[in-house]
Amino acid sequence: MTELCDLTASELTGKLRAGEASSAEVTESCLRRIDAVDAKTAAFLTRTDDVAREQAARADERLGAGEAPATTGIPLALKDVLTTNGIRTTCGSKILETYVPPYDSTAWARLKAAGSVLLGKTNCDEFAMGSSNENSAYGPVHNPWDLDTVPGGSSGGSAAAVAAGEAVWALGTDTGGSVRQPASLCGVVGLKPTYGLISRYGLIAFASSLDTVGTFTRSVRDAALLLSVLAGKDPMDATSLDEAPRDYTQGLDQDVAGLRVGVVREAFGEGVQPGVRASVQAGIDRLTELGASVGEVSLPHTDYALSAYYLIAPSEASSNLARYDGVRYGLRVAGADSVEMMSRTRGAGFGPEVKRRIMLGTYALSAGYYDAYYGQAQKVRTLIIRDYEQAFADFDVLVSPTSPTTAFRIGERADDPLSMYLSDVFTIPANLAGVPAISLPSGLDEAGLPVGLQLTAPILGEPMLLRVAHALEGAIGFDARPALLG
Amino acid sequence: MPVEIDIEHVAKLARLDLTAEEKERLKAQLGLILEHAAKVGEVATADVPPTASAIPRANVLRPDEPTPSIGPDAALSNAPEAEDQRFRVPRIVEVE
Numbered sequence: 164m165t166e167l168c169d170l171t172a173s174e175l176t177g178k179l180r181a182g183e184a185s186s187a188e189v190t191e192s193c194l195r196r197i198d199a200v201d202a203k204t205a206a207f208l209t210r211t212d213d214v215a216r217e218q219a220a221r222a223d224e225r226l227g228a229g230e231a232p233a234t235t236g237i238p239l240a241l242k243d244v245l246t247t248n249g250i251r252t253t254c255g256s257k258i259l260e261t262y263v264p265p266y267d268s269t270a271w272a273r274l275k276a277a278g279s280v281l282l283g284k285t286n287c288d289e290f291a292m293g294s295s296n297e298n299s300a301y302g303p304v305h306n307p308w309d310l311d312t313v314p315g316g317s318s319g320g321s322a323a324a325v326a327a328g329e330a331v332w333a334l335g336t337d338t339g340g341s342v343r344q345p346a347s348l349c350g351v352v353g354l355k356p357t358y359g360l361i362s363r364y365g366l367i368a369f370a371s372s373l374d375t376v377g378t379f380t381r382s383v384r385d386a387a388l389l390l391s392v393l394a395g396k397d398p399m400d401a402t403s404l405d406e407a408p409r410d411y412t413q414g415l416d417q418d419v420a421g422l423r424v425g426v427v428r429e430a431f432g433e434g435v436q437p438g439v440r441a442s443v444q445a446g447i448d449r450l451t452e453l454g455a456s457v458g459e460v461s462l463p464h465t466d467y468a469l470s471a472y473y474l475i476a477p478s479e480a481s482s483n484l485a486r487y488d489g490v491r492y493g494l495r496v497a498g499a500d501s502v503e504m505m506s507r508t509r510g511a512g513f514g515p516e517v518k519r520r521i522m523l524g525t526y527a528l529s530a531g532y533y534d535a536y537y538g539q540a541q542k543v544r545t546l547i548i549r550d551y552e553q554a555f556a557d558f559d560v561l562v563s564p565t566s567p568t569t570a571f572r573i574g575e576r577a578d579d580p581l582s583m584y585l586s587d588v589f590t591i592p593a594n595l596a597g598v599p600a601i602s603l604p605s606g607l608d609e610a611g612l613p614v615g616l617q618l619t620a621p622i623l624g625e626p627m628l629l630r631v632a633h634a635l636e637g638a639i640g641f642d643a644r645p646a647l648l649g
Numbered sequence: 043m044p045v046e047i048d049i050e051h052v053a054k055l056a057r058l059d060l061t062a063e064e065k066e067r068l069k070a071q072l073g074l075i076l077e078h079a080a081k082v083g084e085v086a087t088a089d090v091p092p093t094a095s096a097i098p099r100a101n102v103l104r105p106d107e108p109t110p111s112i113g114p115d116a117a118l119s120n121a122p123e124a125e126d127q128r129f130r131v132p133r134i135v136e137v138e
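Just so you know, the protein sequences line up as chains A and B, in that order. When you read off a place in the first sequence, starting at 1, and then add 163, the result is the number in my numbering. When you read off a place in the second sequence, starting at 1, and then add 42, the result is the number in my numbering.
These aren't lab readings, by the way, just hints derived from the structure by calculation. There may be inaccurate statements among the hints.
27 Å max Cα-Cα, derived DSS-like pairs, lysine-lysine [as the list claims (entries may be wrong)]:
hint: 1; chain 1: B; residue 1: Lys-81; chain 2: B; residue 2: Lys-69
hint: 2; chain 1: A; residue 1: Lys-257; chain 2: B; residue 2: Lys-54
hint: 3; chain 1: B; residue 1: Lys-69; chain 2: A; residue 2: Lys-257
hint: 4; chain 1: A; residue 1: Lys-396; chain 2: A; residue 2: Lys-275
hint: 5; chain 1: B; residue 1: Lys-65; chain 2: B; residue 2: Lys-54
hint: 6; chain 1: B; residue 1: Lys-69; chain 2: B; residue 2: Lys-54
hint: 7; chain 1: A; residue 1: Lys-257; chain 2: A; residue 2: Lys-203
hint: 8; chain 1: A; residue 1: Lys-257; chain 2: B; residue 2: Lys-65
hint: 9; chain 1: B; residue 1: Lys-81; chain 2: B; residue 2: Lys-65
Next up, chain A with everything else stripped away, as it sits in the complex:
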């Protein structure tokens, strides 16, 4: 049965204003759903029921006074890499098991000021490194569509929570696909905006030149609503862009007739499951029916993006994660001197994937190897950016599958890092180029698992991206429900 927690934020906003529901009721609906299903999904690492109830009460006061922004009173989940003042933030790691940040991330601070209700912090791959959520030190998340499969990663908890109605919407982070790929595997909408459009302040760093805050929602309009609150310059993040605040829901309803849509040739090759190919192709056919001008486009360096990413991201990570030294926060394991203390702390506190990437990055940056690995990868990044510049000279948006496969079984790829990394082969290029991209459900494969279709636009092309996604969403009419919800 559909309950309040199953509605979109846009639907709830109307009900809250019309007095047909209160934020307290919507919040209790989410909490009941968490009670009912979270033992199966393991989407949450920390629940904040008391905070949620208090914020819902305040939201209802604001709504009663008639001065509430559109996001007021809507229950939200945050990936556990975004800091929350006074609320434990673990990054899915044992090294931060007891870390309670003394400050709010800007993304959460903005939503809090706009009346958001925090349900809790969601499970993720350790330090956002992974594509299946199996790298969490607190155990894997289970996909609500099939509990034996992964939800994707690294923001798997946020994706599963939104898919299962445990939250109306959620924030994640996307460094190489960590919002779009789990959104694809869980049948929800995942938006990765332009790099720098949302402040990274309080996003605990993985790879700073790639890290992007993103959103999980059950509609494109909801993604636009959230982005309208989150986007904008932040003096606490020097890389945040100087963009004037705007309402991203404006222009969503414009049609797409005459727009030029490029189908990325390289994203339909070997390794793409037939069910994924068929569903995305059907989505492309909908765009043609809507009057868009669809043609083929090439991003010739796609094959090299994965290699470049697995040098650049670990290199930045090895530097960023140097801060976990047992001195200022987190775990400390005693040692005879400071170096031994640091090495033991890090050896005990980090899990296998994080160690793998720290070692990879340390090697790629070390004397004698820097030019051959990190230096070359940075050049490939230039080539990827040029690919997009050429593609966007001819097309308004690009279309591809979000991931080559639907949800795979828990454990299936756990011992094979390279095959796991391939899960992000179509999402990584957008991070390297900084361009915005969105994944929306295009249908189900033969096993009944959701398929994601990815749209990509030029830097700061969010209005165009959301407009095409919204039109396509309406034409596809995806209304399937995860098996978990009956």
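Position chain B relative to chain A; hints supplied.
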């Protein structure tokens, strides 16, 4: 060919205490990953400039004005060991 790496040296640079089993596994896995990653050398020719950030920003300045900050108690609230408003660490310098 998988890349041969000096795992002891890299672990020392990374300040990472690894077990013998971890070292063995990482040596094999990193060798394979680096073999794949070395593909970047195939296309990155000398005339291609490197990119560090997709949207480069330089000299982002703000007015140099004092603003409230979190204060020593909050800053030390997560410290494994603290003393006299300082982070306490093992001895770094030998004293005669």
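Status of the hints after comparison with the structure:
no.	hint	in the structure
1	B:Lys-81 - B:Lys-69	holds, 19 Å
2	A:Lys-257 - B:Lys-54	holds, 21 Å
3	B:Lys-69 - A:Lys-257	holds, 24 Å
4	A:Lys-396 - A:Lys-275	holds, 17 Å
5	B:Lys-65 - B:Lys-54	holds, 12 Å
6	B:Lys-69 - B:Lys-54	holds, 14 Å
7	A:Lys-257 - A:Lys-203	holds, 22 Å
8	A:Lys-257 - B:Lys-65	holds, 20 Å
9	B:Lys-81 - B:Lys-65	holds, 25 Å
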